[in-house]
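Protein chains in written order, with our numbering: chain A, 1 to 333; chain B, 1 to 333.
Be a bit skeptical, because a hint or two may be false.
Only pairs whose alpha carbons sit at most 30 Å apart, straight line, appear in this in silico DSBU-like list of lysine-lysine [what the hints assert, rightly or not]:
#1 A:K318 <-> A:K32
#2 A:K251 <-> A:K116
#3 A:K251 <-> A:K297
#4 A:K251 <-> A:K306
#5 A:K318 <-> B:K116
#6 B:K116 <-> A:K116
#7 A:K116 <-> B:K318
#8 B:K318 <-> A:K165
#9 B:K251 <-> B:K116
#10 B:K251 <-> B:K271
#11 B:K251 <-> B:K306
#12 B:K116 <-> B:K306
#13 A:K318 <-> B:K165
Only some residues are given here: those of chain B computed to face chain A with a beta carbon under 10 Å [as the list claims (entries may be wrong)]:
#14 E17
#15 T186
#16 P192
Since the hints were derived computationally from the structure, they do not count as laboratory data. Quick caveat, the model's predicted, so the values are computed rather than measured. Cβ coordinates follow ideal geometry from the N, Cα and C atoms, glycine included.
Number of protein chains: 2
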Amino acid sequence: MDANPILAEAVRGNWVENRHRGAFVVVDASGKVIASSGDIERPVFPRSAIKSMQALAIFDRHATDRFNHTSEELALACASHHGEDEHVGNVAHFLDRMGLSVNDLECGAHMPTNAKARQALRAAGASPSALHNNCSGKHAGMLSVALAMGVPASGYVEREHDVQKAVRAAVEYVIGEDLTEDRCGTDGCAIPTWAAPLSAWASGFARMATGQGLDGEHARGAQALFDAATGHPHLVAGTGHLDTLVMEAFKGRVMQKGGAEGVQCGAIRDKGWGYALKCDDGNMVASHAMVAALLLKFADPDANQKAVLDQFARQPIKNVRGTVVGEMRAVGI
Amino acid sequence: MDANPILAEAVRGNWVENRHRGAFVVVDASGKVIASSGDIERPVFPRSAIKSMQALAIFDRHATDRFNHTSEELALACASHHGEDEHVGNVAHFLDRMGLSVNDLECGAHMPTNAKARQALRAAGASPSALHNNCSGKHAGMLSVALAMGVPASGYVEREHDVQKAVRAAVEYVIGEDLTEDRCGTDGCAIPTWAAPLSAWASGFARMATGQGLDGEHARGAQALFDAATGHPHLVAGTGHLDTLVMEAFKGRVMQKGGAEGVQCGAIRDKGWGYALKCDDGNMVASHAMVAALLLKFADPDANQKAVLDQFARQPIKNVRGTVVGEMRAVGI
Chain A
1 MDANPILAEA VRGNWVENRH RGAFVVVDAS GKVIASSGDI ERPVFPRSAI KSMQALAIFD
61 RHATDRFNHT SEELALACAS HHGEDEHVGN VAHFLDRMGL SVNDLECGAH MPTNAKARQA
121 LRAAGASPSA LHNNCSGKHA GMLSVALAMG VPASGYVERE HDVQKAVRAA VEYVIGEDLT
181 EDRCGTDGCA IPTWAAPLSA WASGFARMAT GQGLDGEHAR GAQALFDAAT GHPHLVAGTG
241 HLDTLVMEAF KGRVMQKGGA EGVQCGAIRD KGWGYALKCD DGNMVASHAM VAALLLKFAD
301 PDANQKAVLD QFARQPIKNV RGTVVGEMRA VGI
Chain B
1 MDANPILAEA VRGNWVENRH RGAFVVVDAS GKVIASSGDI ERPVFPRSAI KSMQALAIFD
61 RHATDRFNHT SEELALACAS HHGEDEHVGN VAHFLDRMGL SVNDLECGAH MPTNAKARQA
121 LRAAGASPSA LHNNCSGKHA GMLSVALAMG VPASGYVERE HDVQKAVRAA VEYVIGEDLT
181 EDRCGTDGCA IPTWAAPLSA WASGFARMAT GQGLDGEHAR GAQALFDAAT GHPHLVAGTG
241 HLDTLVMEAF KGRVMQKGGA EGVQCGAIRD KGWGYALKCD DGNMVASHAM VAALLLKFAD
301 PDANQKAVLD QFARQPIKNV RGTVVGEMRA VGI
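In isolation and in its complexed conformation, chain A is listed as follows:
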């Protein structure tokens, strides 16, 4: 197997310290490759980058008809949020509207991703709850699917539960490929994650962006989810995060979502292109540099959008005293 190309490098002083390899692909909804580098047929775990695809089960199972989900709720279903007050409050409200509570979440608890939210929690002497888990909005969405299906919610994170079967079917429908047990793992928040070729994830995003290749119901669901995510960028990630800043700057033109271990997926909506990217070694900072370079090259950014992307395509590396001693930078995209 040939090595993927180096797509980011960390420089210290005048010498390259680290090299980050990866693959990326930009496709249209027919699957035509606009641009790519590296092995785009290697199956990769998409992790949280495809929460919007997983959330299509909400539409599949008519949970939207039952609960009339708000755009905030749909955005949170697509989110890896940072546990800020706005996130925690909205997820609590999302659950409450369905007659549920934090006790129904099976994602586990972790400290908020946002540093100020962590400090506030510590200062209050409080422990994080499952609401602070970056995936709590996705889990609220999955509970909505359980209720709409009329199945017991308990155990909804398990691979053989009807909810996860519905989620799997929705993802398979959008990417046009089977998800198979020989490449399956458990995600950080306890649900299954399935590896599929990078090209399949990108094609799925192109289909969601255009509706092309999807039936009317899925096309409407995909548009509602992308509109919700791009309309509420802060709910999808949090203060200062690439996903939030990019979606704010592109004002609906770009849907962008990161996943753990160096995955980045999204769509340049006005062009009808989907993209997917994986940093081979899982480094998130490097994957941010890579996806910023991808959007600089393919998303026709204006000056403001370019300024946002430039911050991530070349990120300063500081030492303990705060002096800039190097940079993480994208190369070869």
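Got chain A sorted already, so can you dock chain B onto it with the hints?
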């Protein structure tokens, strides 16, 4: 440039999620390669892995004659300590014995590496000082060099300061190669770091382990430093860390030291072999798996030593709820 081989991989469920490339080399003091993989002539920043080499300046400049440094002080000069009470107290004492204090350190302050020490500091409402900086022992050693040389200590971290010139000369002497300005950066603790071929770092460790190729004074200094580090493994790193556990288990047979961004160096002292290893992408967990595999293969571990190394050669990956969902494991060593 060919890609280095994959030396560690992270598996989730039944599928490889991340791949970590790197190079390693094991050499004797004559420079004869016992084993290697990847590009061992590529210059790499050694970072903290060569603190014991940098500490040779203490002997070069006869600081040991002046201050009669204890083995604890020499161990701390080689250390990336975790800011536990024992570390902070010993570094404070080290400085005090020279008529200096925390105010003379120019490494900057950061929170302790050790989680319990961090929690204790937070619970006390206190901020970390430069004593908590993992490099504070090395900096105390550099201040000792300044005093022994009779030069003003202020600015001792700068590349052109006499102290850094002495440190550079000591390292060049041991590795038998010039350190050059065209591959120089600033380390996390503000001192210069110089890239040199991986093979040179390994050879330097073999020379320090054997004294072969060194004059009597450097040979004695090297032995004193390696004896100090292997005699006080907890001072060199901290509770639960690979360097500490490996040196405890090998009871003087192995000197092992990690450096930031995936560097691992050391010596199998009874065989007279030095080794050096760099994970291309800087991942520390992967570099721990790699160096554990290296020592399993080349350091003839007994059952207890093997048990310690096995913990790092295959490390469980857990999700938010604490369930094991995969592992980081060494491959190809």
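Outcome of the hint check:
1. A:K318 <-> A:K32: violated (41 Å)
2. A:K251 <-> A:K116: Status holds; Cα separation ~26 Å.
3. A:K251 <-> A:K297: Holds, at about 18 Å.
4. A:K251 <-> A:K306: Holds. A:K251 to A:K306 sits at ~13 Å (cutoff 30 Å).
5. A:K318 <-> B:K116: holds (25 Å)
6. B:K116 <-> A:K116: holds (21 Å)
7. A:K116 <-> B:K318: holds (25 Å)
8. B:K318 <-> A:K165: Roughly 23 Å between the alpha carbons, so the hint for B:K318 and A:K165 holds.
9. B:K251 <-> B:K116: At roughly 26 Å apart (the allowed maximum being 30 Å), B:K116 and B:K251 satisfy the hint.
10. B:K251 <-> B:K271: The hint holds at about 14 Å.
11. B:K251 <-> B:K306: Answer holds: B:K251 to B:K306 is near 13 Å, not above 30 Å.
12. B:K116 <-> B:K306: Holds, at roughly 28 Å.
13. A:K318 <-> B:K165: Distance of about 23 Å is within 30 Å: holds.
14. E17: holds (5 Å)
15. T186: holds (4 Å)
16. P192: With a minimum Cβ separation of about 8 Å from chain A (threshold 10 Å), the hint on B:P192 holds.
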